[in-house]
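Heads up: the sequence lines are chains C and G, in that order. Per our numbering, the first sequence starts with residue 14, numbered consecutively. Per our numbering, the second sequence starts with residue 34, numbered consecutively.
There may be inaccurate statements among the hints.
Only pairs whose alpha carbons sit at most 25 angstroms apart, straight line, appear in this in silico SDA-like list of lysine to any residue [as the list claims (entries may be wrong)]:
#: 1; chain 1: C; residue 1: Lys55; chain 2: G; residue 2: Leu78
#: 2; chain 1: C; residue 1: Lys70; chain 2: G; residue 2: Lys92
#: 3; chain 1: G; residue 1: Lys103; chain 2: C; residue 2: Lys96
#: 4; chain 1: G; residue 1: Lys136; chain 2: C; residue 2: Glu72
#: 5; chain 1: G; residue 1: Lys92; chain 2: G; residue 2: Ser60
#: 6; chain 1: G; residue 1: Lys136; chain 2: C; residue 2: Gly85
#: 7; chain 1: C; residue 1: Lys96; chain 2: G; residue 2: Ser60
#: 8; chain 1: C; residue 1: Lys70; chain 2: G; residue 2: His108
#: 9; chain 1: C; residue 1: Lys70; chain 2: C; residue 2: Gly109
#: 10; chain 1: G; residue 1: Lys103; chain 2: G; residue 2: Gly73
#: 11; chain 1: G; residue 1: Lys136; chain 2: C; residue 2: Ile73
#: 12; chain 1: C; residue 1: Lys55; chain 2: G; residue 2: Gly49
#: 13; chain 1: G; residue 1: Lys136; chain 2: C; residue 2: Arg93
#: 14; chain 1: G; residue 1: Lys89; chain 2: G; residue 2: Thr110
#: 15; chain 1: G; residue 1: Lys92; chain 2: G; residue 2: Thr130
Incomplete in silico selection of chain C near chain G, CB under 8 angstroms [stated by the list, open to error]:
#: 16; residue: Tyr63
#: 17; residue: Gly85
#: 18; residue: Gly114
#: 19; residue: Tyr115
These aren't lab readings, by the way, just hints derived from the structure by calculation. Remember, predicted model here, so these are calculated numbers, not experimental data. Glycine is no exception: its CB is placed at the ideal position from the N, C-alpha and C atoms.
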Amino acid sequence: EPEVTQTPSHQVTQMGQEVILRCAPISNHLYFYWYRQILGQKVEFLVSFYNNEISEKSEIFDDQFSVERPDGSNFTLKIRSTKLEDSAMYFCASSGGTAGGYTFGSGTRLTVV
Amino acid sequence: TQLLEQSPQFLSIQEGENLTVYCNSSSVFSSLQWYRQEPGEGPVLLVTVVTGGEVKKLKRLTFQFGDARKDSSLHITAAQPGDTGLYLCAGVPWGNTPLVFGKGTRLSVIA
């Protein structure tokens, strides 16, 4: 069964450093998403990507965040200057349509120290 | 912001018991999805319900979408320890904006 693959699975970084999280979505999916989940809290939407551009973003997705598709297939989420409160699980997801189910990756656990 | 409230937040039951988890909102959704999440993993889709009043069954799990498309329920019959996990409801708001999640119900089934 097709999977969404995320790397790395864990990342520890110092406050103020840049991090890049990577995602390989399902190849024939058209819609791509980044979500995060702070420990013990709900899964929160960050940004969606369709047709090679951002289609929607939440209030969390401020100027410190950016998303790219560097090679036309994989996705990256970059946090330019990490803060302690950026510590969370970051999930990439893809879907074939806007109303269908999402396929999530296993996540990247980001710890900012 | 469209909110989804799940109840109960925690549920601990004995193997063989039945249970129902609820997902409620004051907003209307074009579809509702249920996911299960294991510790350290991403949510895994269980079902999508699209039509108001729709009922879907997945083995011992029964999912229902409310007539007004504002609420949903998950009923598990004869729960087993393997059902233990975090159950998340998530809705697609009208306009097909991205999925909004509830906080989840953490289920523990004791053998």
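For each hint, the structure was consulted:
no. : hint               : result
1   : C:Lys55 - G:Leu78  : holds (16 angstroms)
2   : C:Lys70 - G:Lys92  : violated (37 angstroms)
3   : G:Lys103 - C:Lys96 : violated (36 angstroms)
4   : G:Lys136 - C:Glu72 : holds (19 angstroms)
5   : G:Lys92 - G:Ser60  : violated (29 angstroms)
6   : G:Lys136 - C:Gly85 : violated (34 angstroms)
7   : C:Lys96 - G:Ser60  : violated (33 angstroms)
8   : C:Lys70 - G:His108 : violated (34 angstroms)
9   : C:Lys70 - C:Gly109 : holds (19 angstroms)
10  : G:Lys103 - G:Gly73 : violated (30 angstroms)
11  : G:Lys136 - C:Ile73 : holds (17 angstroms)
12  : C:Lys55 - G:Gly49  : violated (29 angstroms)
13  : G:Lys136 - C:Arg93 : violated (28 angstroms)
14  : G:Lys89 - G:Thr110 : holds (14 angstroms)
15  : G:Lys92 - G:Thr130 : violated (30 angstroms)
16  : Tyr63              : violated (10 angstroms)
17  : Gly85              : violated (22 angstroms)
18  : Gly114             : holds (4 angstroms)
19  : Tyr115             : holds (6 angstroms)
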